[in-house]
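Taken in sequence, the protein lines are chains Y and S.
Using my numbering, the final residue of the first sequence is 466, and nothing's skipped along the way.
Using my numbering, the final residue of the second sequence is 301, and nothing's skipped along the way.
Treat the hints with care, as some may be off.
Ranges between beta-carbon positions, derived for each pair [stated by the list, open to error]: (1) Y/Gln-303 with S/Gln-4: 31 to 39 Å; (2) S/Ser-155 with Y/Asn-136: 47 to 55 Å; (3) S/Gln-182 with Y/Pro-87: 54 to 62 Å; (4) Y/Thr-215 with S/Gln-4: 35 to 43 Å; (5) S/Asp-196 with Y/Thr-353: 52 to 60 Å; (6) S/Asp-288 with Y/Lys-253: 26 to 34 Å; (7) Y/Asp-179 with S/Asp-196: 17 to 25 Å; (8) Y/Asp-419 with S/Asp-28: 31 to 39 Å.
Read the hints as simulated data drawn from the structure, not as lab findings.
Keep in mind the model is a prediction, meaning the values are calculated, not measured.
Cβ coordinates follow ideal geometry from the N, Cα and C atoms, glycine included.
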Amino acid sequence: MSKTVTINPVTRIEGHGKITLVRDELGNLSDVRFCVQEFRGFEKFCEGTLAEALPSITSRICGICPIPHNLASIKAIEECFGTVITPTAGMLRELLALGQFIESHMLSLALLSLPDLVSRDSKPEHRNILGMYQANKEAVKKALEVRSFGTAICGILGRSPVHPIGPRIGGFVLPLSADEAKQLIEKAAPIGPALVWFGQLMRTLFEKNADYIETLGDIETSYMGLSKNGTLSFYDGDIKVIKESGSLIANFKPSAYFDFIEEKVENWSYMKFPVLKTGERFRVGPLARVNIADTIPTPLAAQELEWFRSKWPRPAHKTLCYHYARFIELLYAFERAVQLLGTPGITGKDIFTKPEIKAGLGVGVVEAPRGTLVHRYELDEEGKAVKVDIIVATQHNNYGYNDALKATALKIIGDGDPDENTLNKLEMVVRAYDPCLSCATHAQGQSPWTVELLDSSGVRLKEWRR
Amino acid sequence: MSDQLKISTIPLDSCCGCHMALVNMGTDLLDILAANVLVFSPVLMDKKSIQPCTVALVEGGVRNHENAEKLKELRQKADILIALGTCASFGGISGMGSAFTTLELLSNAYGADFSPEDLPVLEPRVTPIDAHVAVDYYIPGCPPPIGLLKETLGSLLAGEKPRRVDLPVCAECKRTVKKHLQPELKRLADNLPEPDECLLSQGFICLGSVSRCGCGAVCTHAGVPCRGCRGPIDRVFIEPTHGILHDLTRRISHFTGSKVSDIESRLKDTLHTFYRYTLSVPEMRRKDAEQIHQLIWRIKV
Numbered sequence: 001m002s003k004t005v006t007i008n009p010v011t012r013i014e015g016h017g018k019i020t021l022v023r024d025e026l027g028n029l030s031d032v033r034f035c036v037q038e039f040r041g042f043e044k045f046c047e048g049t050l051a052e053a054l055p056s057i058t059s060r061i062c063g064i065c066p067i068p069h070n071l072a073s074i075k076a077i078e079e080c081f082g083t084v085i086t087p088t089a090g091m092l093r094e095l096l097a098l099g100q101f102i103e104s105h106m107l108s109l110a111l112l113s114l115p116d117l118v119s120r121d122s123k124p125e126h127r128n129i130l131g132m133y134q135a136n137k138e139a140v141k142k143a144l145e146v147r148s149f150g151t152a153i154c155g156i157l158g159r160s161p162v163h164p165i166g167p168r169i170g171g172f173v174l175p176l177s178a179d180e181a182k183q184l185i186e187k188a189a190p191i192g193p194a195l196v197w198f199g200q201l202m203r204t205l206f207e208k209n210a211d212y213i214e215t216l217g218d219i220e221t222s223y224m225g226l227s228k229n230g231t232l233s234f235y236d237g238d239i240k241v242i243k244e245s246g247s248l249i250a251n252f253k254p255s256a257y258f259d260f261i262e263e264k265v266e267n268w269s270y271m272k273f274p275v276l277k278t279g280e281r282f283r284v285g286p287l288a289r290v291n292i293a294d295t296i297p298t299p300l301a302a303q304e305l306e307w308f309r310s311k312w313p314r315p316a317h318k319t320l321c322y323h324y325a326r327f328i329e330l331l332y333a334f335e336r337a338v339q340l341l342g343t344p345g346i347t348g349k350d351i352f353t354k355p356e357i358k359a360g361l362g363v364g365v366v367e368a369p370r371g372t373l374v375h376r377y378e379l380d381e382e383g384k385a386v387k388v389d390i391i392v393a394t395q396h397n398n399y400g401y402n403d404a405l406k407a408t409a410l411k412i413i414g415d416g417d418p419d420e421n422t423l424n425k426l427e428m429v430v431r432a433y434d435p436c437l438s439c440a441t442h443a444q445g446q447s448p449w450t451v452e453l454l455d456s457s458g459v460r461l462k463e464w465r466r
Numbered sequence: 001m002s003d004q005l006k007i008s009t010i011p012l013d014s015c016c017g018c019h020m021a022l023v024n025m026g027t028d029l030l031d032i033l034a035a036n037v038l039v040f041s042p043v044l045m046d047k048k049s050i051q052p053c054t055v056a057l058v059e060g061g062v063r064n065h066e067n068a069e070k071l072k073e074l075r076q077k078a079d080i081l082i083a084l085g086t087c088a089s090f091g092g093i094s095g096m097g098s099a100f101t102t103l104e105l106l107s108n109a110y111g112a113d114f115s116p117e118d119l120p121v122l123e124p125r126v127t128p129i130d131a132h133v134a135v136d137y138y139i140p141g142c143p144p145p146i147g148l149l150k151e152t153l154g155s156l157l158a159g160e161k162p163r164r165v166d167l168p169v170c171a172e173c174k175r176t177v178k179k180h181l182q183p184e185l186k187r188l189a190d191n192l193p194e195p196d197e198c199l200l201s202q203g204f205i206c207l208g209s210v211s212r213c214g215c216g217a218v219c220t221h222a223g224v225p226c227r228g229c230r231g232p233i234d235r236v237f238i239e240p241t242h243g244i245l246h247d248l249t250r251r252i253s254h255f256t257g258s259k260v261s262d263i264e265s266r267l268k269d270t271l272h273t274f275y276r277y278t279l280s281v282p283e284m285r286r287k288d289a290e291q292i293h294q295l296i297w298r299i300k301v
């Protein structure tokens, strides 16, 4: 019982985390916890920051989804200042957000998660992007080509690699030039066919791994996300929450977020647990958004949604379905980006509204690739931050991870020591959410991935570290 | 193949953005990794323990004891250790956490009676990695510019010494300087800069003249003042009588005819404007020419 096996770090996720398995007096598995361990302290050290610096500083919370942080931050400040941006600036922000979705979703699918489904029986050392690259160079090249289209949008509109400087309070720093738009349109040409090819791969993988889809992370929850006109929306819209049955629970303006959602604290995790004030637990992210959307207005994504719903009726609950929903969103993001690039107003020069600095409270909400992201600032009359609250997508899924891990562990972990393959299945559940622990640790920082086994009094019986 | 290099990458206290900059190299990165051997990289592969390697790329600074332990283990096992990005080089953005006590940071997030159990213990301050181990090369930047990444990795893989960059961002910036007598300090929050004129001479605080180039001045060209994400140039970094805030206020004084003390009294947010990426650099903290020692939470080092 005292032999120690270590899993440190858990791999192919963005950042580090820890899973604790709890056994009761009889030795039965009674609880499973996903804990986050480190700490960076953004909310505190952002106090005193001038408004114009907040979007640039808070984007550094996360190098994987810096753009949603940047945009949520700007929206919060604009709400406080009462700034209304021009239609062209609005389109550019949506396009930029789509670029980040393409980049981030393809990162999660191809580079981090799909190796589990492609080479399900292979050794750990081959279960990664390089293993896939050596086995099928063409497939990986296609995936990276799709991703590079997102990176190109982020680079051109963000005006700086990874952490953007293009969006600003009041609009954008520079318009999208006709040359730049042309460059992006040309770059988009081979992406459609690559995505269609990728779609075939996704369906094949989901058929081949049907047993995993059914058993890993099998829970039913409510879902929350932004929605506009009954469809997917990443940059703006209302917040909608649906029940596990699919019926509507709530529909409210982003500024009312704190009237509907509260955070619970569990004594075993640094990461707080957002729930509806009625006590309802929910999940966010690709599966939530796809479940909430009545329709998707672009053809390839709509076709894929139809197939998806024929297999997993709305709302789909299986945790690994997050991957398929992610692919549907990837298609939508690509198609919508091409639509926007073809809209004449996108290269308009009217991109700036002069803001008026004033004191107040502002809430900025956008969808990050992993789910709903909220920035709330209280600013003084000089536009300096007095208080900063940030609730990230990974936090919104906190109960989602824990409930799905518990359900999975109860199914697949027996009395004996779990082997590498079994532990990887727990990791697969976590990877499905594409957790961004850089984000989760804007307060908490990063931690190693370990799996712990505790007895009912909290004494550690065993620890697996790799 | 004997000339294959063993490569490791590790994120410490960071946002993973430098790893994203690597991934953004696309198939160039995969070709490098396929031609060599990636032996340890928790973001990309399932190897769980730190391996002996030729080249180790370290992203992030040191915020807790566990960061420091991993860093030391990696240093022992790596022939060449590279500080990848500004957090590893200078402490970076979360280095601003050093302006507060760990208790202030934690209680703001979790309440006053919060008592963490079984978690990595925070160091009193954030530190760059060279406060703990010897560093062979630095590629600062938030994140490092992709061209510079490719160039530096290319040199290292070819067994050559990478090129050193030590000119201010102004060397790459196409804006032209003008003198204005007594202009106001302007804020980006409610102003759009003129397109071609030097941002500092327009009255915006721009750190370009004291910050290391290599970025192509992408920010200033887009009308966004430099915040020094690649850290200070050697002169500002090394010479005791130079400093970020010190040199900039004198330069503004030179452009405007205003007294340095007047300019200093009009600054609204020294911490996040001047020391956004370098608050945790021990060398900078000790300079009389800097105000870091007034901003940082003061304890015995």
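Consistency of the hints with the structure:
Separation of Y/Gln-303 from S/Gln-4 is about 45 Å and departs from the stated range, judged on CB atoms against 31 to 39 Å. Checked against the hint of 47 to 55 Å, the pair S/Ser-155 and Y/Asn-136 fails, with Cβ atoms roughly 31 Å apart. With their beta carbons about 39 Å apart, S/Gln-182 and Y/Pro-87 fall outside the hinted range of 54 to 62 Å. Against the hinted window of 35 to 43 Å, the Cβ-Cβ separation of Y/Thr-215 and S/Gln-4 comes to about 40 Å, which satisfies the hint.
The given range of 52 to 60 Å is broken by S/Asp-196 and Y/Thr-353, whose C-beta atoms sit roughly 23 Å from each other. A beta carbon spacing of about 52 Å between S/Asp-288 and Y/Lys-253 contradicts the range 26 to 34 Å that was offered as a hint. Distance hint check: the CB atoms of Y/Asp-179 and S/Asp-196 are about 19 Å apart, consistent with the given range 17 to 25 Å. Under the hint 31 to 39 Å, the C-beta atoms of Y/Asp-419 and S/Asp-28, about 37 Å apart, fit the expected range.
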